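Student: Starting from the two chains in their separate frames, assemble the complex, guided by the hints.
Chains as they are written, first to last, in the working numbering: chain A, 5 to 427; chain L, 96 to 314.
By construction, these hints were calculated from the structure, which means they are not laboratory data. Quick caveat, the model's predicted, so the values are computed rather than measured. Each statement offered as a hint is correct.
So the derived label-pair ranges between C-beta atoms look like this:
hint : chain 1 : residue 1 : chain 2 : residue 2 : range
1    : A       : L248      : L       : E236      : 35 to 41 Å
2    : A       : L248      : L       : G276      : 47 to 53 Å
3    : A       : L248      : L       : T284      : 46 to 52 Å
4    : L       : T210      : A       : G100      : 53 to 59 Å
5    : A       : P413      : L       : E174      : 36 to 42 Å
6    : L       : T210      : A       : G231      : 14 to 20 Å
7    : L       : P245      : A       : A202      : 48 to 54 Å
8    : A       : L248      : L       : T210      : 16 to 22 Å
From the derived model, a few chain A residues whose C-beta atoms are all more than 10 Å from chain L:
hint : residue
9    : A63
10   : G91
11   : G109
12   : A185
13   : L305
Beta carbons are placed, not taken as given, at the ideal position from N, Cα and C, and that holds for glycine.
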Amino acid sequence: MTALARSLFGRRARLRWIHLILGGALAMPYVLVGSVVVGPVAGGANVFGSLRLQLASFALGLPLAAVTSLFPPTRPLESGVVRWLCGVEADRLAYGPARTRGEKGRTAAWFTLHLGAGGIVAGMSLAVPPFAGTLIVLPFVPALREGRLGLPGFLHHAWALVLSPLAGAAMLVALAGCAAACGTLLARWAPDLLGPSAADRVAAAEARAADLAVRNRLARELHDSVGHALSAVTLQASAARRVLDTDPEFVREALAAIEDTTRRTVGELDAVLGVLRDGDAPGDPWDTAPAPTLAADLDGLLRRTRAGGLRVDATVAAVATDPRALPPPVSREAYRIVQEGLSNALRHAGGEVAVTLRVEVLDQHLRITVENPVGPVPAPRPGGGHGLRGVADRARLLGGAAEAGPAGPVWRLHVRLPLKGTE
Amino acid sequence: MTHPPIRIVLADDERMVRTALRAILAAEPDLEVAGEAATGAEAVSVVREVRPDVVLMDVRMPGIDGIRATEQILATLPEPPRIVVVTTFENDSYVYDALRAGAAGFLLKRADADTLVGAVRLVAHSDTLLFPAAVRTLAAEHARANPAPPAWAARLTEREGEVLRLMATGLTNAEIAGRLGVGPATAKTHVASVLAKTGARDRTQAVIRAYEAGFMNGR
Numbered sequence: 005m006t007a008l009a010r011s012l013f014g015r016r017a018r019l020r021w022i023h024l025i026l027g028g029a030l031a032m033p034y035v036l037v038g039s040v041v042v043g044p045v046a047g048g049a050n051v052f053g054s055l056r057l058q059l060a061s062f063a064l065g066l067p068l069a070a071v072t073s074l075f076p077p078t079r080p081l082e083s084g085v086v087r088w089l090c091g092v093e094a095d096r097l098a099y100g101p102a103r104t105r106g107e108k109g110r111t112a113a114w115f116t117l118h119l120g121a122g123g124i125v126a127g128m129s130l131a132v133p134p135f136a137g138t139l140i141v142l143p144f145v146p147a148l149r150e151g152r153l154g155l156p157g158f159l160h161h162a163w164a165l166v167l168s169p170l171a172g173a174a175m176l177v178a179l180a181g182c183a184a185a186c187g188t189l190l191a192r193w194a195p196d197l198l199g200p201s202a203a204d205r206v207a208a209a210e211a212r213a214a215d216l217a218v219r220n221r222l223a224r225e226l227h228d229s230v231g232h233a234l235s236a237v238t239l240q241a242s243a244a245r246r247v248l249d250t251d252p253e254f255v256r257e258a259l260a261a262i263e264d265t266t267r268r269t270v271g272e273l274d275a276v277l278g279v280l281r282d283g284d285a286p287g288d289p290w291d292t293a294p295a296p297t298l299a300a301d302l303d304g305l306l307r308r309t310r311a312g313g314l315r316v317d318a319t320v321a322a323v324a325t326d327p328r329a330l331p332p333p334v335s336r337e338a339y340r341i342v343q344e345g346l347s348n349a350l351r352h353a354g355g356e357v358a359v360t361l362r363v364e365v366l367d368q369h370l371r372i373t374v375e376n377p378v379g380p381v382p383a384p385r386p387g388g389g390h391g392l393r394g395v396a397d398r399a400r401l402l403g404g405a406a407e408a409g410p411a412g413p414v415w416r417l418h419v420r421l422p423l424k425g426t427e
Numbered sequence: 096m097t098h099p100p101i102r103i104v105l106a107d108d109e110r111m112v113r114t115a116l117r118a119i120l121a122a123e124p125d126l127e128v129a130g131e132a133a134t135g136a137e138a139v140s141v142v143r144e145v146r147p148d149v150v151l152m153d154v155r156m157p158g159i160d161g162i163r164a165t166e167q168i169l170a171t172l173p174e175p176p177r178i179v180v181v182t183t184f185e186n187d188s189y190v191y192d193a194l195r196a197g198a199a200g201f202l203l204k205r206a207d208a209d210t211l212v213g214a215v216r217l218v219a220h221s222d223t224l225l226f227p228a229a230v231r232t233l234a235a236e237h238a239r240a241n242p243a244p245p246a247w248a249a250r251l252t253e254r255e256g257e258v259l260r261l262m263a264t265g266l267t268n269a270e271i272a273g274r275l276g277v278g279p280a281t282a283k284t285h286v287a288s289v290l291a292k293t294g295a296r297d298r299t300q301a302v303i304r305a306y307e308a309g310f311m312n313g314r
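In isolation and in its complexed conformation, chain L is listed as follows (with noise of 0.2 Å):
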């Protein structure tokens, strides 16, 4: 193992989750679980405290909730860490607000542990979109009607627009040069622009603004 342990922080108002989450993700030699918070406001001074690479977030707590939580570090923090969304349910308009506010996917807590592991190593070694189909299932589901489209959908090339597409079905920097069959670093400067573009913070925020903007049926 090259890389350095990745510290996980965990915020759940419910002790048996995070108790239940402890006990995963401690016993993996490459995670580490550095804090824990029971609410939002909480998860917000522990992550600045600890500074951790990913942040599993509940979306219902007390007081602040998990998406004002996210919001919070996200915009406070100089180099935010990973946050992924915690759920009992898979179609909840709260998951999509978080991921809205910029969290990095989302994860059920009925997920098998592998698969949590998995997740967890994903968003904080690359910056692929985790579980692209139900992404793009919340996203179908909850995108606001929105009939204008942004101006920045007009400003993306024909080029970036495919890439936008591509990155929405999952693909990785690499899948999408071999895709369009261009060089890693061209599909690189591609989704970078794209991110810039869109002013996304990331994958999934970029593939939320497309479906709200209506990208994802047009063509």
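Bound-form chain A, shown alone (with noise of 0.2 Å):
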């Protein structure tokens, strides 16, 4: 008894009541505008005196309804109100404006589901409650039975008064049933009208695994970069310490080396760190991370390299350091990527070598070169380690290209990022 008193008076069932309701509100325009058209028909009758001149209005409104409901925003719209006043879960709806025919088609369906149902359900819940609490009343006030209310005739006979409150109440519960009834089928079809297409479901997965595998890319990466550079720096804080007293020459070297690491590393951490958290925000993962720019911070990534010991020729255009020329996306990773260059330079090269740095816009594209001359030992490795991977990957995040390799006497890194297409 209580679980059928819940269905139809709990709350999912009240709200579900209110959003029939809301279709009925909605409904109302149509309804105006099909009585337009009824009354002179009928004669120049007046419309809302007449239930069967009203439904005709309804049934003229609807496939004005469902027209309007053709615009794209009717579904976030919809999908939104289902979501809150149905209960139906929220990954069963999809929340874009309708594009392909069959989503506007199916969002119409809905659209005039909902204000078809819910103009007879709202219809009858203004009409039927007061002649319910009429009958109710009926045996208890003589002075309606006497009033000029047009009962039928029926009623006042004695039986009649005896069953008129069973019947009044039965009429409250019919309405209610009706309404839950109603309220259930539409939060039953509403996933399949309002819910992503095959299509949607598709693209939204492709999108997941993409973003996945680039988040995952990245803490691979991370872990990769974080671990290595803190294992060095480990070792050659352990060695330093091993050798304090006999060779300050080394701690001396060991502590620059540490030092240039972990500021490089604190970078990259920074860097990557700032993508993982962004990529919450859908859509562009380059956003909002404070990360330094080419345009802001070249000046000081220059000054700081210089100062770790390596000579720089820098050759860099005006407009590679002017911020409304550079989209901030293209600016950021340009940025990251000279650093990689000159922190590669400076693994290779061992600090002993000039580094000719030049930054130019051609062809639409900001292209990056850093050169060194090839170094005694190591060799730079060919197609590179994890920092020319990760030079790589940014490249490619952007639609440009870089190339690592050994150009004659030198060895050369070159970027090329497309200035247009990135925002």
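Tutor: Right under this line is the structure:
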């Protein structure tokens, strides 16, 4: 019994009822438009004085509603309402505007259904309670029977008076039952009509997989680069402590190497974590990281690199340091690429040689070239280690390309990043 | 010190790692860094040239990596050095592959200087398993599931099977002898015959093979 009461008047049933009444409210403008047609056709009769004419206006209004619901925003609107009022799980609905014909058709079907069922249930909700209330109190209020309510004649019989409260109560229950049934049906159909289509699901899954792949790659890269750097630093510190008294020159070098490595690693950590964090926001994972940019931070980078002992011969086009000329993602990635190129040169050339850095804009591409004479040992890795792989990944993400390898007497890293189409 | 110094070759593509290892090892009177290499190919040629006792080998190097360098060194030199893989990460399938290829053991780059020096001395002077617990973990995680037991498993006597399991726990010949209640010479014979039957180069490889054959779970 309580289960029946809950299914008729429980929170879920009440919310779904509200959803139906909302549908009725949305149907009103269409009914009014319908009545403008129905009235004159019926010979100028007052449409709202006749249930038949009202239903005719309603029937005429619904196709209109179907047509207007072909506008894309209908789906987000209805999905939002359904999610909150119908108790449908959020992930079974699509919140984007309907794009394809199929999606628009299904959305229109839903909207018409919502307004149709809502209009009927809302009409019943307005009409039934006063009538049922009258029936319930009829035996106890003689004035009602003598009034001008136009009640059917049989209600004056004694048996009718005994039964009328029961009939009134039954009508209220029937109304609630009707609303609950409509609400349940709508909730059941909502995922089919408003839910993501197969194409939506495939697209969403692909986007998720791609995002996950990027994040996994970044996480792996981070794990590797930070792990390697920290191991090397630990080893250097351990060695320095071991030879503290016997080889102060080594200790000095070790401290410098430790400083350099940790600084570089913290930078990498910052950049990658920034991307991973921003990955929560769909769309543009590059947007909010307070990452350094080529436009703002190149001078500082060059200054620090030179202070670290590397001679850098830099030729930088003015446009490359103009924040208005470079799209922010390009500027940020370009900074990282230059940074990686320089630290790579430092790693392999060992600081005794000069590195040439060229940053220019040609054919709508930002071009970064880092060259250093090939050092004696160790030979730079063809195709690259972690750092250079990171450079290639960054370039690819932006639709560009990176090449690294020996070019005559020098080792050259060359990266092209398109300036268009990266926003 | 009655031994001549242990001669070591360092192979790692990162200069920082090589300089640190050199500083730590060279500070010991009984250790001598005889050469360095930055790539796998270089490691092979340097080892051929200086004939060290121990090679500390990075796994991931440009060109020929540490695994292939290990294979080449062990396959081409008549009395090859003991090769210890030096790695950043403990649970690394490359390290496992290097052990399968015949490396005597592995060392973490974050290991402290004493552990490092101790490990070099251990592999140079004895045939005990280096860090048995770590090797076992690695083998248990990376050993391919291989349901068909290899032919050698059937050829091992019961006693030899027991010896192989004890080897996997890192016991020396003398300890195995004590555990089994036999003379050290007998234990040594058993170990030798286990190595011969499993076709393993040394204890590490025998233990790896035991794991791969599912020999360690069975009984």
